[in-house]
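Novice: Once you have looked at the hints, place chain S on chain D.
There are 2 protein chains.
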Amino acid sequence: MTESPDLAIAIDAQDRPGMLAALAQVIYEHGANVSYVGLVGRSGGMARVIFELESVGDQATLVAAIQAVDGVREVSTEPTFEKVFGRRIIVIGAGAQVSSVVSGAVSEADRHNIRGERISVDTIPLVGEKEIAEAVRATARLPRVEALVLAGSLMGGETTVAVREVRAAGILVVCLNMAGSVRTEADLVVTDPLQAGVMTVMAIASTAKLDISRIRGASF
Amino acid sequence: MTESPDLAIAIDAQDRPGMLAALAQVIYEHGANVSYVGLVGRSGGMARVIFELESVGDQATLVAAIQAVDGVREVSTEPTFEKVFGRRIIVIGAGAQVSSVVSGAVSEADRHNIRGERISVDTIPLVGEKEIAEAVRATARLPRVEALVLAGSLMGGETTVAVREVRAAGILVVCLNMAGSVRTEADLVVTDPLQAGVMTVMAIASTAKLDISRIRGASF
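Protein chains in written order, with this note's numbering: chain D, 7 to 226; chain S, 7 to 226.
Read the hints as simulated data drawn from the structure, not as lab findings. Any given hint could be a false lead.
If several chains are the same, the list does not tell them apart, and a pair holds so long as it fits within one copy or across any two.
Simulated pairs of lysine-lysine, BS3-like, Cα-Cα distance not exceeding 30 Å [stated by the list, open to error]:
#	residue 1	residue 2
1	89	215
2	215	136
3	89	136
Since the model is a prediction, treat every value here as computed from it, not as a measurement.
Okay, chain D solo, but in the shape it has when bound (with noise of 0.2 Å):
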């Protein structure tokens, strides 16, 4: 979906207004792109931000040049998030299921990690319809997303517009075999939830062999 960013970038810095767009600027002044920023960590008027950058030309210069910007305390360059977590699969439903799910994808995760993949699986058990649309829609907000499996019994409505959406923004789903829409919208309906866990990671693996363009659409 994005590129994989070249470098990431923790400031000490004053936790002011403007403070960003100082930083924003200077970055831009040295022809590098932000791909992410967060904020952690704020406290007694400091504020750790963590920048993800792209086409980063002379690193020693941009980072001399960041420690310049006024209320500045501290830079230093940190892996990025793409190069630790990697690619993520979102699992979102009822709690047993969800647990279900995850444990087939964590493990099969494992596999590919231990050859040097970096996948990622993360979990968030929810109720309700109007819930679940707005967690399914907000995974295409969210950074390195590649896959969502939905685990539950009854999934519709609100929920399979939201699929629509999300598939459109290139997120690969997944859902159990279960009662409601959801099901005519997925990119693969699997029954077993341990299954759905294990194919989905497959499906994104680069070290896997199964080619998600051969059984879109498919029933297990």
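Specialist: Here is chain S on its own, set in the frame of chain D:
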């Protein structure tokens, strides 16, 4: 750790250097504070930029000002990640043990999310001291993380140093009862992986009674 953001905005804009600086400047001029920026769905020279903002005064005026920035095509308001996915627990370690911890954590999070909380459980199976230490350290740079569970049979060295760092950043660290020095730095040591997942959720859930300050340093 961080304040809850007030508003998330999705902006479809030209994918070019300087776009973020221009948007950050407009947001600054309207007195809002940026807590998160992510880039998703880049294609055909366009990108979708997600901003999460705090201290937004007049939302309609801000949205109109962003809409007027050169290169912006569409602006919409969305629920924040804090509202949708809430607080996060990260589970790192070996496949089999990560699976068990997540199973407990998801089942317990389900019980709290049903009562209106939002707790996510995110995982990555990994092997190797350097790889695990790097992932542990990176959790302190991720947004909305409140607890980390280390699920393995042997962790020490660099991982132990990393645990000290993330605890200093305010993250609760739970580990399984395993070989290596990591146990000595954790907030809690729990032998059963399912119990480790359940207890970690209870420790951060506001609808649970477990008070971590009363059991910090204990082994179960």
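Novice: Each hint should be assessed against the structure and marked as holding or not.
Specialist: Status of each hint after checking the structure:
no. : hint      : verdict
1   : 89 x 215  : within (22 Å within a copy, 37 Å between copies)
2   : 215 x 136 : between (36 Å within a copy, 29 Å between copies)
3   : 89 x 136  : between (34 Å within a copy, 13 Å between copies)
Hint compliance for this structure: every hint is met.
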